[in-house]
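Visitor: Residue numbers 1 to 176, in the numbering used here, belong to the letters of the sequence shown in order.
Rather than coming from a laboratory, the hints here were simulated on the basis of the structure.
Check the hints yourself; a few may be wrong.
[What the hints assert, rightly or not] Simulated restraints on C-beta separations:
hint, residue 1, residue 2, range
1, Ala-153, Glu-70, 34 to 40 Å
2, Pro-30, Gln-89, 26 to 32 Å
3, Met-1, Ala-155, 17 to 23 Å
4, Gln-45, Arg-167, 32 to 38 Å
5, Asn-143, Gln-89, 19 to 25 Å
6, Pro-30, Asp-125, 34 to 40 Å
7, Arg-167, Ala-144, 32 to 38 Å
The beta carbon of each residue, even a glycine, is placed where N, CA and C say it ideally should be.
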Amino acid sequence: MVEPLQTDRLNLRPCQISDLDPVHSLWTHPEVRRFLFDDRAIDRQEARTFIEASLNSFTTKGYGIWVCFEKNSDRLAGFSGLLQFSPEQPPSLIFGLHPHFWGRGYAQEAANSILRYAFEELNLDKIIADADEPNRASIRVLNALGFCPLNSAIANERPLLYYEMRREHWQNRDVL
Numbered sequence: 001m002v003e004p005l006q007t008d009r010l011n012l013r014p015c016q017i018s019d020l021d022p023v024h025s026l027w028t029h030p031e032v033r034r035f036l037f038d039d040r041a042i043d044r045q046e047a048r049t050f051i052e053a054s055l056n057s058f059t060t061k062g063y064g065i066w067v068c069f070e071k072n073s074d075r076l077a078g079f080s081g082l083l084q085f086s087p088e089q090p091p092s093l094i095f096g097l098h099p100h101f102w103g104r105g106y107a108q109e110a111a112n113s114i115l116r117y118a119f120e121e122l123n124l125d126k127i128i129a130d131a132d133e134p135n136r137a138s139i140r141v142l143n144a145l146g147f148c149p150l151n152s153a154i155a156n157e158r159p160l161l162y163y164e165m166r167r168e169h170w171q172n173r174d175v176l
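Let's have the full structure, built from the sequences with the hints guiding it.
Guide: What follows is the structure, given as structure tokens:
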């Protein structure tokens, strides 16, 4: 099994089925789902299926979704991880926080630990990411992490911005 990750302020561990209730609550929070699951309130079974896919991904690829907690707390702050949405694409960075934890730099901190793991432990060559164009906070995180913008498109009637990070760029970046 994949080991937990730590940052200065966060503990991250692979998401488990036992996390279903708090994770489902987070994923269906109106302010979180606005830019997640195309603003749909997914049901518990869909959340469970997503967690099961993540667990399978951890087993087969070494990555999936990590849940994030403030150190010395058992309160779920958010999630971050990598998922491969199609076989033709590299893994995609995902992240999200409960609104109570917004504005503290946790999304960047968690995502940075995922990228470090991906490039330094798994030796992945490239990570992609996307953000809804109105989601300025996620765009700031991706820019701060050093992602390079690729293009934009309309997906499911929503304007999306696409990014990538290559391992050589990660190794030569001047952040965090």
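Visitor: Next step is simple, just say for each hint if it's right about the structure.
Guide: Taking the hints in turn, this is what the structure says about them:
1. In this structure, Ala-153 and Glu-70 meet the distance hint of 34 to 40 Å, their C-beta atoms being roughly 35 Å apart.
2. Separation of Pro-30 from Gln-89 is about 29 Å and conforms to the stated range, judged on CB atoms against 26 to 32 Å.
3. Take Met-1 and Ala-155: their Cβ atoms lie about 33 Å apart, and the range 17 to 23 Å is violated.
4. A hinted range of 32 to 38 Å holds for the C-beta pair Gln-45 and Arg-167, which are about 37 Å apart.
5. Restraint check, Asn-143 to Gln-89: a C-beta distance of roughly 21 Å satisfies the suggested window 19 to 25 Å.
6. Checking the proposed 34 to 40 Å range against Pro-30 and Asp-125 shows it holds: the Cβ atoms sit about 37 Å from each other.
7. Roughly 18 Å separates the CB atoms of Arg-167 and Ala-144, a value that falls outside the hinted 32 to 38 Å.
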